[in-house]
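**Q** Going line by line, the protein sequences match chains U and A.
Going left to right, the first sequence walks through residues 673 to 1056 as my numbering numbers them.
Going left to right, the second sequence walks through residues 104 to 361 as my numbering numbers them.
Heads up, none of these hints are tricks.
Here are the simulated lysine-lysine pairs, DSBU-like style, with alpha carbons at most 35 Å apart: (1) A/Lys193 with U/Lys707; (2) A/Lys193 with U/Lys772; (3) A/Lys167 with U/Lys707; (4) U/Lys699 with A/Lys193; (5) A/Lys173 with U/Lys707.
Since the hints were derived computationally from the structure, they do not count as laboratory data.
The residues making up each chain are set out below.
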Amino acid sequence: MVSEAETSRQRPELHIDHPTAGGLLIKLAGSWTLKNNPPAVDQVLQQLAGNTTIQRVSFDGRDIANWDSGLLIFLIRLQDQCQQRGIDLDLDGLPEGVHKLLDLAAAVPAKEDTGRHGELPPLLARIGSATLDFVQGIPEMLHFIGEVAIACGRLLRGKAQFRRADLLLFIQAAGPEALPIVTLISFLVGLIVAYMGAVQLAQFGAQIYIANLVGIGMVREMGALMTGIIMAGRTGAAFAAQLGTMQVNEEIDAFRTLGIQPMEFLVLPRILALVLIMPLLTLYSDLVGILAGMFVANATFDVGTFEYYHQTIASLHLHDVAVGLVNGTVYGVLIAIAGCLRGMQCGRSASAVGEATTSAVVTSIVFIVVSSSLLTIVFQKLGV
Amino acid sequence: MNTAARQQPRSEAHITVQDLTMAFGDFVIQRNLDFTINRGEIFIIMGGSGCGKSTLLRHLVGLKAPAKGKVFYDELSFWDADPDEQEQVKRGFGMLFQSGALWSSLTLAENIALPLGEYTSLSPAGISEVVDLKLALVGLAGFGEFYPSEISGGMQKRAGLARAMALDPGILFFDEPSAGLDPISSRRLDDLILELRDSLGATIVVVTHELASIFTIGDNSVFLDPETRTMIATGDPNRLRTDSSDPKVRAFLNRGEI
Chain U
673 MVSEAETSRQ RPELHIDHPT AGGLLIKLAG SWTLKNNPPA VDQVLQQLAG NTTIQRVSFD
733 GRDIANWDSG LLIFLIRLQD QCQQRGIDLD LDGLPEGVHK LLDLAAAVPA KEDTGRHGEL
793 PPLLARIGSA TLDFVQGIPE MLHFIGEVAI ACGRLLRGKA QFRRADLLLF IQAAGPEALP
853 IVTLISFLVG LIVAYMGAVQ LAQFGAQIYI ANLVGIGMVR EMGALMTGII MAGRTGAAFA
913 AQLGTMQVNE EIDAFRTLGI QPMEFLVLPR ILALVLIMPL LTLYSDLVGI LAGMFVANAT
973 FDVGTFEYYH QTIASLHLHD VAVGLVNGTV YGVLIAIAGC LRGMQCGRSA SAVGEATTSA
1033 VVTSIVFIVV SSSLLTIVFQ KLGV
Chain A
104 MNTAARQQPR SEAHITVQDL TMAFGDFVIQ RNLDFTINRG EIFIIMGGSG CGKSTLLRHL
164 VGLKAPAKGK VFYDELSFWD ADPDEQEQVK RGFGMLFQSG ALWSSLTLAE NIALPLGEYT
224 SLSPAGISEV VDLKLALVGL AGFGEFYPSE ISGGMQKRAG LARAMALDPG ILFFDEPSAG
284 LDPISSRRLD DLILELRDSL GATIVVVTHE LASIFTIGDN SVFLDPETRT MIATGDPNRL
344 RTDSSDPKVR AFLNRGEI
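Could you put together the complete structure from these sequences and hints?
**A** Have a look at this one:
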């Protein structure tokens, strides 16, 4: 008996014989496995091309030591060629398993006209279809916002179906658990604003105005903006991934079949949580930023702590705080909507969840920047 | 897989499990498992829900290390071997996961081509021929450009089988192959499993509790009991059905009617 190691080393071999005038006998020997790179059909094809009287090809496979898909592929190629030339292919001389597998492979006809050609459409066509996709996305988005509005209406009438525990959980995840990152970013932003401003102000001895710069900058704009961007990456992405995975597992369909509106049960508590938590986080971010400014002014530019405190109080008006809070709340709504929208639109595969998450963050940041500009113009017109 | 192997007597041990204990931390799922899977055999792992069938399969394919005991492939003790040897053994495995476990970001053709590209020296054209062959074998010819999410669950399962067969493995593992399939597809899958064993001489290990399937394809089996946490029977399921001394095994194999 030959051991497996020895047989696998035997080269696959092919000999061609002409036992009769119209016939071709192919003798196969050795190990016909993919690993051993079996010979190509070219040699046989040359024989067929050189001798047009051949009507029949048969095999002698007694010396085949072992075989796998390598042999099958050789035979399938040959089968194709013989069919084109109208030559009979007689597989009787081959191991029995070969017949069965070839029959099995031919049992179900190939699906044709699948509409797939695998080639990329031209650039213009791709730009066009991307644009159309974008345009078609707008009504979808409006539809979603409408549904959110209806769900909010039901909430106000006390009819919305969702679990209070879920809401608290989302509040915890979006609020207290976000404090470390919000602290870090706000402190650094406060530090940067203070330092950049102070270097200029110190040139004419106006270091005390660091307090105005940092206070107004953080409270009106930067606090809300930084918190918004953190929450887009942190919580908006999480919403999209959660809802997307639920979509993949058909959990959202399970809610629908039970008559529970996913809009109310899943989306509403997430939006509520973010809307409730964003103004608080914004306020917190403002405070941390101002503290960072105070630290810079105190440590580097000899401005006293109380001096800085009084200057900040004097420069800030209540409407500045209100502007910041409005900004923050609007960003919260937009982030939650973008996250939930992309999550609910998610396809049914792992890569779709990734796309949904990416798209949620990108959409949130675009929303934040656009709304920030619009709000600035509105506040300007209102004179606050 | 090869004719030389097929000419050898059926009784040659391919996988040997010795005194295996499976546990998650301190929680023992099954203990004292001792059985042998012979070359070219279709071996059924059966038992009630939650008895550790799939966990046993994960031990056999090297996804989870045993708490105690050994698993031999031919003469090699898998968990005592060095990582290179383990990789070598694993390359001879093909596994069909319960829900197909196709990579969703790749098309069916790319799913099957991936192991071929990693582990063979085939040219891209050669790979695509192998891919077409494997897809044709499971009745999915022409579906190469589809993504897993675009085809039905039964088709995903068959595509998973095509991927499992990509490297012409010597041992094929099936986790609940007929779960979620209609009776006809499930029957066709059984036929395909028998065909693969007969033509390619592969050793096949199947986790299932589909009785029709067990009796049609099973040569040998092991029955895991969730209560005593050990195996309570092993042997040809057709014989166990009537001859087993354990009433639990007879009840299982006769759908509760003894």
